[in-house]
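Given the coordinates of chain X, assemble chains Z, Y and L onto it according to the supplied hints.
Chains as they are written, first to last, in this note's numbering: chain X, 1 to 381; chain Z, 1 to 381; chain Y, 1 to 381; chain L, 1 to 381.
Incorrect hints may have been included.
Which copy is meant is left open, because identical chains are indistinguishable; a pair holds if it fits in one copy or across any two.
[Unchecked claim] Pairs of lysine-lysine residues, derived as DSSO-like cross-links and limited to a Cα-Cα distance of at most 30 Å, are as follows:
#1 K91 x K54
#2 K271 x K178
#3 K3 x K35
#4 K288 x K381
#5 K54 x K218
#6 K218 x K143
#7 K35 x K91
#8 K381 x K91
#9 K288 x K271
#10 K3 x K91
#11 K178 x K91
#12 K35 x K54
#13 K288 x K3
#14 K288 x K218
#15 K381 x K178
#16 K224 x K271
#17 K3 x K224
#18 K178 x K54
#19 K288 x K178
#20 K91 x K271
#21 K143 x K288
#22 K54 x K3
#23 K218 x K271
#24 K54 x K288
If you're looking for bench data, these hints aren't it; they were derived computationally from the structure.
Protein chains: 4
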Amino acid sequence: MSKTVNFGVIGAGYMGKAYSIALNTVASVFPLSAKPVLSLLADEVPEVVEAKAKAYGFERRTTDWRALVADPTIDVVAVCTPTFLHEEMAKAAVAAGKHVICEKPLSLTARNAASMAAAAEAAGVKTMVGYCYAKNPAAQLAKEIIVAGEIGEVIHFRGTHNEDFLMDPEAPTSWRLKESLASRAGALGDLASHIINMAHYLCGPIAEVVADSQIVHKSRPDGKGGRATVENDDQTNLIVHFDNGALGSIEASRVAAGRKMGLTYEVVGTKGAIYFDQEAMAELQLYKGADPTNRCGFQRILVGPAHPDYGSFCLGTGHGIGYNDMITIEMRDMIEGVAGNRAVWPSFRDAVHTALVVDAALRSQAERRWVGLTELAAEMK
Amino acid sequence: MSKTVNFGVIGAGYMGKAYSIALNTVASVFPLSAKPVLSLLADEVPEVVEAKAKAYGFERRTTDWRALVADPTIDVVAVCTPTFLHEEMAKAAVAAGKHVICEKPLSLTARNAASMAAAAEAAGVKTMVGYCYAKNPAAQLAKEIIVAGEIGEVIHFRGTHNEDFLMDPEAPTSWRLKESLASRAGALGDLASHIINMAHYLCGPIAEVVADSQIVHKSRPDGKGGRATVENDDQTNLIVHFDNGALGSIEASRVAAGRKMGLTYEVVGTKGAIYFDQEAMAELQLYKGADPTNRCGFQRILVGPAHPDYGSFCLGTGHGIGYNDMITIEMRDMIEGVAGNRAVWPSFRDAVHTALVVDAALRSQAERRWVGLTELAAEMK
Amino acid sequence: MSKTVNFGVIGAGYMGKAYSIALNTVASVFPLSAKPVLSLLADEVPEVVEAKAKAYGFERRTTDWRALVADPTIDVVAVCTPTFLHEEMAKAAVAAGKHVICEKPLSLTARNAASMAAAAEAAGVKTMVGYCYAKNPAAQLAKEIIVAGEIGEVIHFRGTHNEDFLMDPEAPTSWRLKESLASRAGALGDLASHIINMAHYLCGPIAEVVADSQIVHKSRPDGKGGRATVENDDQTNLIVHFDNGALGSIEASRVAAGRKMGLTYEVVGTKGAIYFDQEAMAELQLYKGADPTNRCGFQRILVGPAHPDYGSFCLGTGHGIGYNDMITIEMRDMIEGVAGNRAVWPSFRDAVHTALVVDAALRSQAERRWVGLTELAAEMK
Amino acid sequence: MSKTVNFGVIGAGYMGKAYSIALNTVASVFPLSAKPVLSLLADEVPEVVEAKAKAYGFERRTTDWRALVADPTIDVVAVCTPTFLHEEMAKAAVAAGKHVICEKPLSLTARNAASMAAAAEAAGVKTMVGYCYAKNPAAQLAKEIIVAGEIGEVIHFRGTHNEDFLMDPEAPTSWRLKESLASRAGALGDLASHIINMAHYLCGPIAEVVADSQIVHKSRPDGKGGRATVENDDQTNLIVHFDNGALGSIEASRVAAGRKMGLTYEVVGTKGAIYFDQEAMAELQLYKGADPTNRCGFQRILVGPAHPDYGSFCLGTGHGIGYNDMITIEMRDMIEGVAGNRAVWPSFRDAVHTALVVDAALRSQAERRWVGLTELAAEMK
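Isolated chain X (complex conformation) (with noise of 0.2 Å):
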């Protein structure tokens, strides 16, 4: 492992810390086809970057995500900042030569989406981005056991992303409740998004949807002794037919009193079903139905070493796998293909897929019908 991947990261909050613990980590987990480096942080707030670039181990900080963009020497530029910045900087760094591993959701709307795909398809980079429950191992384990046809046919879905930190009515507002700032989709965006990603895992791409979502506490404080109104939704729930003719539901929901991390799955097969819950994310429920009448029902499986990337962590089954180990098998993944030029999922391009579905729910809603993604794709050309 002579190589090295030059890392880049811009935004030193929340998911900027865990992306540079996972790239701290990753090469002791992992065998790899490079070493990652943490070259440089950019964050505009100096106190910020200069205190987090030392705790993180970065070699370098700025407070110019352009600088960090031109770089010549960074290879991999991670986007770990609010949504509506995303677009300009993901596209600087593709225009730069540069991978991308960004954010989720990819963009405020499906077209930016479609566009920052098209910039790094034309580019030639590799692009990633961040839906991080998928690379659980029980995640991959309920892919695996669909693939295989364990399940027989799927034939229908439901999924739930809910957590209630915005609950308490008196929380105050953020750019995440900002139409300019977040799009029209609150929960649909920042929560929806990830269980319908994981539909697109599981399941395959979705045809069309039918939904309806609710801002149930129309405004908050906006800090300065005001009051700011909510913009996007609270809670939203979608219908949904897939391309293979599963039939499915999809909830998600930011003021869902007592869920945490309430992303759930159950898909159901002709053959058998599967059930996640990612507050117990260790662990997989699965029905065989072959199993006798007087011997059946859903099997607690403990992710372990013999499901995909736990052994790697850990050799004993059941002994646990954390949040930023999900983040550790994306810098893996994204490592792997920048220096093994493999295919990395999700691409700019899968999470257009997610955005078609989060802008076809919000016409949905708007319009009161269903709506097809091949609507809003063909405007999109």
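This is chains Z, Y and L only, laid out in the frame that chain X set:
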């Protein structure tokens, strides 16, 4: 308790047995205003009715349900037959001045259900429809928590009624799969009706719906060596709005691998949430938003004597309550309704609401649009 | 079913009610060789016996249990009184040629229990002791799995019976806390006896024990303004060896905060394991060692018609089974034992084994050493 | 953070890798008083140490652990070798003035452990033993709850550490099954030591024990075509008394079918209880006795930033924490202990207590009697 309430039961099958068990049991469980008498059992098959009347402890038997309805000693007629027979039997009973408890769903259409309700109201008799799951002490506790405002204002309902008794594509057809005998509402009519009724019980009436459904297995063995077309849905999804503004989703399936009695509901309020799963029928999960951040989480409440009706069965919390116990509570409600002239829930009128939601879902599927219940109600006038 | 079995029940309290419910219910649930008749109820309090006999549906009542025992029409005497009364009542019943079902524990000591068993055997009557939890379809399934060798040779048993009904130090005293009325075995006699009986049922006889116990709350309100000394254990732990060589642990508590009906067992075999918790009484967890490493895990089996006795109550898997249903199965066993002259389990003789384990535990606690059951058995000769 | 702490790790296997991952990770997770440096890796196999030093990111490597211990630049020696090697290595490190973190169990006997602790104390160095499960935020929360008196006075502890990695009778032998290399304490030494340490952490020291154990599979393949005798226990049960008067049971097995990481504990107090299962490592169950009777039940607390150490890994409650995260917390504690001169838990001295309990259990098994820890401690003087 010198008064008696004489029961005539039509149908000696599954539900006929359940009612009989409950009628034999109820007087030793609850203090009652009148003693139930298993007076007369009707079933068209002579050998069946003879054997079952003896086994269940009925005083008399008949193969002619019309004779049962006409019998002057009968106070309450219980209709435990396939759906397509409900209307004629119940109307005949009502016309004879009998109180009626009828299995669910009440009828093939909301229009028919409404006509049954109107007939009963005109006759001034008590009616009940066998949506038994609302009688569970855990469900009564859920209602109590909601009514008391413990979870604040209800903002979301997610309900399912998933089973897998038809997941085998070679499971034979039955009356339940025929449009003429069970309507075009398959899982929707048979199973979703339970969770729609529960939604009604817990959160109030539903205002409008959008829905879609699927027939997964298009034909099934007809029992005569051929194949019969399946004429109603195997799985259905709805998005609903409640009159009170809450958003919701409802799902039902008879091909949901692994789910045996998957009647579940999560009711989210502005201050908390409750979750229930009939497969663990003696517990209710409660989340209280007022709990401190570092001591919060769903609490597993095992039903016990501190909760509605449980203490009449058993003095020990968590000792367990079963399926037939819910039917026993239904019988208590019916007996008290008749003997004490009290309101009974859900009456035929209450069941009309469930039927309207089902019909609205059917129209929404057919016309691919949102359908308000007022639209259907207006047409019925 | 022209034959009848006439029951006389002594004690109109908690268990008297449970037995009455079950006797009213059983004939409509199960096909029976004879019809049970609630013939005579005895309780020393005139108002109680009058009210309860009517409520429970008994034909007659008495305040004199000796009259009940002497009544020539009574076939089965049910002893539902505090433990210290069991021996006199059961022996009188046996002497009068009655079959007897007696609540648990059978008697205050193994010696007394053995004398009761000997009397019954000499009289040639059927006996049963009310260790109801072994009648649960889930427990019968557990037994079936073990007997069939599905989990291989049993190597370990861990059982608990934990409740918290006395966790409040100000909960008043009762006969259960008095040595003279309930022996020095408190939680050990009242609760551990259930799980010891279950261990016996599932894994065979116990050979030797070491144990220790504690009285956590030394005195309690005596109901007259003073304090009463607590004379037997609040919590007890045992290590046991089974005759078949398996190792085990048994635990009981009446002060185990949060446990309402914490009868749990995990039986480990060389090829698999089972786990059960009475607080989720309608399911059994099964681990099959033969499953492939990447598809293994405990399977949650919901009891249904494919399992013992469940289908007589309900045709739907996972629909639920309750506390009183276990008592109903007990009554079925007793009726069939009497009317069909079949073996009944657990008989007084079987319960002597449970009593020996309890007494061995008491001696082990007192003398701080391992105590073999043969030691106690030898002394009883 | 200009200071550094140079780590030398002996052993490039399972735990050597875990430590390396944690040392690479810790500085980006926690604010630290000094920066850890992966300075030197020792392993006797040249190819292994070369490959692993590179993979794990060590600056240097050696096949001679004595050279590592003698290296003047090394601040902390991590002993990640089989148990029988711990004493020599740790004593050499201590003699060279190094701080030492040693894998569990500390040594083959309490006597040896005590001599290691004495040597370290004489040298004035910091020591830690790798009982990592106490570092879990959920375990720290459990401790916090107990210390705050939220569950009242602790009256009972039930702990298990069950795994099934040797349930297959044809799984080959290893050093862990040899008395000379792992003592006569098999599951007792390898696994029970974890839960004994946890009991110590949560409830304080243990005063006396009674125990028994079994070798279920008497011999195993020796890897050379023959059979090797198994020389220590496959499963063990203890009853214990704590210094504070609480009663407890402890259980360990390496043949417990289905349990992959079955470290569980239930701590019962006079006012509440907690329950934990490492297979669901990111949650703690809490029962608060003060809750009203009709709103009580175990509460599932998902660990989050409101609990100890979690927020440094991730800002979202319930997002998950993994096995290696616990090791990362260990490394933080060791670094802060060394750089900040703070107490470290569990030190060699703390681990002597665990070793004494193990030795007392061995003696109890051999002599079939209760054994007090004071007895063994006295003999060691």
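Right, here's what the structure says about each hint:
1. With identical chains, the CA atoms of K91 and K54 are at most 30 Å apart within one copy only, with a shortest distance of 28 Å there and 35 Å across copies.
2. For the homomeric pair K271 and K178, the shortest alpha-carbon distance between copies (24 Å) is at most 30 Å, but the shortest distance inside one copy (44 Å) is not.
3. Taking CA atoms no more than 30 Å apart as the test, K3 paired with K35 passes in both settings, with 6 Å inside one copy and 25 Å between copies.
4. In this assembly of identical chains, the alpha carbons of K288 and K381 never lie at most 30 Å apart, being 44 Å within a copy and 49 Å across copies at closest.
5. For a Cα distance limit of 30 Å, the shortest separation of K54 from K218 qualifies neither inside one copy, at 41 Å, nor across copies, at 56 Å.
6. Proximity of K218 and K143 under a CA criterion of 30 Å is satisfied inter-copy only: 27 Å between copies versus 39 Å inside one chain copy.
7. In the homo-oligomer, the alpha carbons of K35 and K91 lie at most 30 Å apart inside one protomer (25 Å), although the nearest pairing across protomers, at 36 Å, exceeds that limit.
8. Taking the shortest Cα distances, K381 and K91 sit within 30 Å of each other inside one copy (19 Å), while across copies they are farther apart (61 Å).
9. In this homomeric assembly, K288 and K271 come within 30 Å of each other (Cα to Cα) both inside a single copy, at 7 Å, and across copies, at 20 Å.
10. When the C-alpha separation of K3 and K91 is checked against a cutoff of 30 Å, the pair qualifies only within one copy, where the shortest distance is 26 Å, while the shortest distance between copies is 40 Å.
11. Taking the closest pair of Cα atoms, K178 and K91 come within 30 Å of each other only inside a single copy of the chain (23 Å); across copies the shortest separation is 57 Å, beyond that limit.
12. For the identical chains of this complex, K35 and K54 are neighbours both inside a copy (20 Å) and across copies (10 Å), given an alpha-carbon limit of 30 Å.
13. Taking the closest pair of Cα atoms, K288 and K3 never come within 30 Å of each other, the shortest separation being 45 Å inside a single copy and 46 Å across copies.
14. Only between protomers do K288 and K218 lie at most 30 Å apart by alpha-carbon distance; the minimum there is 22 Å, versus 45 Å within a single protomer.
15. Taking identical chains as interchangeable, the C-alpha atoms of K381 and K178 lie at most 30 Å apart only when both belong to the same chain, with a minimum of 28 Å there against 46 Å between chains.
16. In the homo-oligomer, the alpha carbons of K224 and K271 lie at most 30 Å apart only across protomers (25 Å), although the nearest pairing inside one protomer, at 57 Å, exceeds that limit.
17. For the homomeric pair K3 and K224, neither the shortest alpha-carbon distance inside one copy (51 Å) nor that between copies (42 Å) is at most 30 Å.
18. Proximity of K178 and K54 under a CA criterion of 30 Å is satisfied in neither setting, with 33 Å inside one chain copy and 48 Å between copies.
19. Only between protomers do K288 and K178 lie at most 30 Å apart by alpha-carbon distance; the minimum there is 29 Å, versus 45 Å within a single protomer.
20. In the homo-oligomer, the alpha carbons of K91 and K271 never lie at most 30 Å apart, since the shortest distance is 45 Å inside one protomer and 43 Å across protomers.
21. For the identical chains of this complex, K143 and K288 are neighbours both inside a copy (15 Å) and across copies (24 Å), given an alpha-carbon limit of 30 Å.
22. For a Cα distance limit of 30 Å, the shortest separation of K54 from K3 qualifies both inside one copy, at 24 Å, and across copies, at 13 Å.
23. Taking identical chains as interchangeable, the C-alpha atoms of K218 and K271 lie at most 30 Å apart only when they sit on different chains, with a minimum of 16 Å there against 45 Å within one chain.
24. For the homomeric pair K54 and K288, neither the shortest alpha-carbon distance inside one copy (51 Å) nor that between copies (41 Å) is at most 30 Å.
Comparing the model with each earlier hint shows violations of hints 4, 5, 13, 17, 18, 20 and 24; every other hint is respected.
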